[in-house]
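Novice: Numbering (full-length UniProt numbering), first residue to last: 1 to 394.
Since the hints were made in silico from the structure, they are not lab data.
All of these numbers come straight from a predicted model, not from anything done at the bench.
Do not take every clue at face value.
Unchecked claim - Below are the EDC-like pairs computed for lysine to aspartate or glutamate, each with C-alpha atoms no more than 16 angstroms apart in a straight line:
id: 1; residue 1: Lys249; residue 2: Glu219
id: 2; residue 1: Lys249; residue 2: Asp216
id: 3; residue 1: Lys37; residue 2: Glu3
id: 4; residue 1: Lys350; residue 2: Asp384
id: 5; residue 1: Lys350; residue 2: Glu388
id: 6; residue 1: Lys350; residue 2: Glu316
id: 7; residue 1: Lys249; residue 2: Glu276
id: 8; residue 1: Lys249; residue 2: Glu316
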Amino acid sequence: MFEYFPTGPYTWNLSVVATLNSGGLIDEVDRACRPIKDAANAGEDAGTPDFLRAWTALTDQLVGQAEEAEKAGHVRTAGQLWFRASNYLAQAERMLAHSDPNRVPTYRRMLEIAQKAFDTHSPRVSRVEVPYEGTTLPAYFSQAPAADDGPVPVVVLVNGLDSTKEHMYASNHWEELAARGISCLMLDQPGTGESLRLQGLTARVDTEAWGGAAVDYLETREDVDASRIGIVGWSLGGYYAPRAAAFEKRFALCVAWGANHDWGAVQRRRRQREGERPVPHYWEHVLWVWGQPGDENDLDAFLDFADQVNLEGVVEQITVPFLVAHGANDRQIPLEMAHRSHSQAVNSPKAELRVFTPEEGATEHIGLDHLPYVSTFVADWVADTFAELGRTTS
Numbered sequence: 001m002f003e004y005f006p007t008g009p010y011t012w013n014l015s016v017v018a019t020l021n022s023g024g025l026i027d028e029v030d031r032a033c034r035p036i037k038d039a040a041n042a043g044e045d046a047g048t049p050d051f052l053r054a055w056t057a058l059t060d061q062l063v064g065q066a067e068e069a070e071k072a073g074h075v076r077t078a079g080q081l082w083f084r085a086s087n088y089l090a091q092a093e094r095m096l097a098h099s100d101p102n103r104v105p106t107y108r109r110m111l112e113i114a115q116k117a118f119d120t121h122s123p124r125v126s127r128v129e130v131p132y133e134g135t136t137l138p139a140y141f142s143q144a145p146a147a148d149d150g151p152v153p154v155v156v157l158v159n160g161l162d163s164t165k166e167h168m169y170a171s172n173h174w175e176e177l178a179a180r181g182i183s184c185l186m187l188d189q190p191g192t193g194e195s196l197r198l199q200g201l202t203a204r205v206d207t208e209a210w211g212g213a214a215v216d217y218l219e220t221r222e223d224v225d226a227s228r229i230g231i232v233g234w235s236l237g238g239y240y241a242p243r244a245a246a247f248e249k250r251f252a253l254c255v256a257w258g259a260n261h262d263w264g265a266v267q268r269r270r271r272q273r274e275g276e277r278p279v280p281h282y283w284e285h286v287l288w289v290w291g292q293p294g295d296e297n298d299l300d301a302f303l304d305f306a307d308q309v310n311l312e313g314v315v316e317q318i319t320v321p322f323l324v325a326h327g328a329n330d331r332q333i334p335l336e337m338a339h340r341s342h343s344q345a346v347n348s349p350k351a352e353l354r355v356f357t358p359e360e361g362a363t364e365h366i367g368l369d370h371l372p373y374v375s376t377f378v379a380d381w382v383a384d385t386f387a388e389l390g391r392t393t394s
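Work the whole structure out from these sequences, hints included.
Specialist: What follows is the structure, given as structure tokens:
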């Protein structure tokens, strides 16, 4: 993986490479990071205020440029600037502690910038609300151009432990799907993004509950082919999505973009400082996500709870096409978990495992070191599988 901070924390380097692989420009990223090289050496937790200040300054610069471009009637230029600004601020917000007073204001600004990007850069992406247990789950819906001619397949794209629908938007995976005639619902499910930050909805083990709500919503849309709704989850979504597909039988396919077969075991490794952590302030973050009491000095009860986040006895119940995509050198989730998820998918009619190697890139966690490569592979697999399903039902 390209490591901007040679002696700096993995979490900082992961943010930089994720940004660059989501449309960030190396000059802009370098100008943001150059002043904080020393702060990176202070430790991942201590330096996050510096990271936020530096990346917010870059965001401010792009926002100013975007506003000037709009005033001049240069909508395309403004759109590119709004899009990159949303990417930069999303990565900075991801690094903050739950207790940081800047977290919610920064996230609210992200929402405003994302809407500006839709208006000027991505007019086929819009904000939608998914009805869920007396409230709603916020999401972005990318309507594929093919939907102008009738209903099309759709993918429900779900987050991991620390990502948001704004990261999914920045990844451009929705655009790859759209080019293949597939719409995309980028969902902030409970425990992630806006659902967690602004609504206090924490993660749940039985992901089929919110997965079913997403399907219910999509079935109301005339532009969706309800017989071809898939679910794709990256990082911890490699648990969320397979669990949802196992018990919500209306999903027509499933992708684990990074296997997370036994998340509880991963937490026990992390407590022993084995393997890398995705974000600073790690234990504060996971307790917040799951709505669990305790702190990093008292984790026994949480680790017992985390053992429930496990696909043993679950993957066997997946009865639709199932892809596991994993990096050979994933420093967060051992490759062995990808083999376990794949080998247990005995009732899937099309169970496939794709391991990305160092020689080709995309070998880090969810392929963030070569994200477009994994994105196009997943999009091709989804498109091919939907086409096969279409022939089966026609």
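Novice: For this structure, which hints from the list above don't hold up?
Specialist: Of the numbered hints given earlier, the structure breaks just one, which is hint 7.
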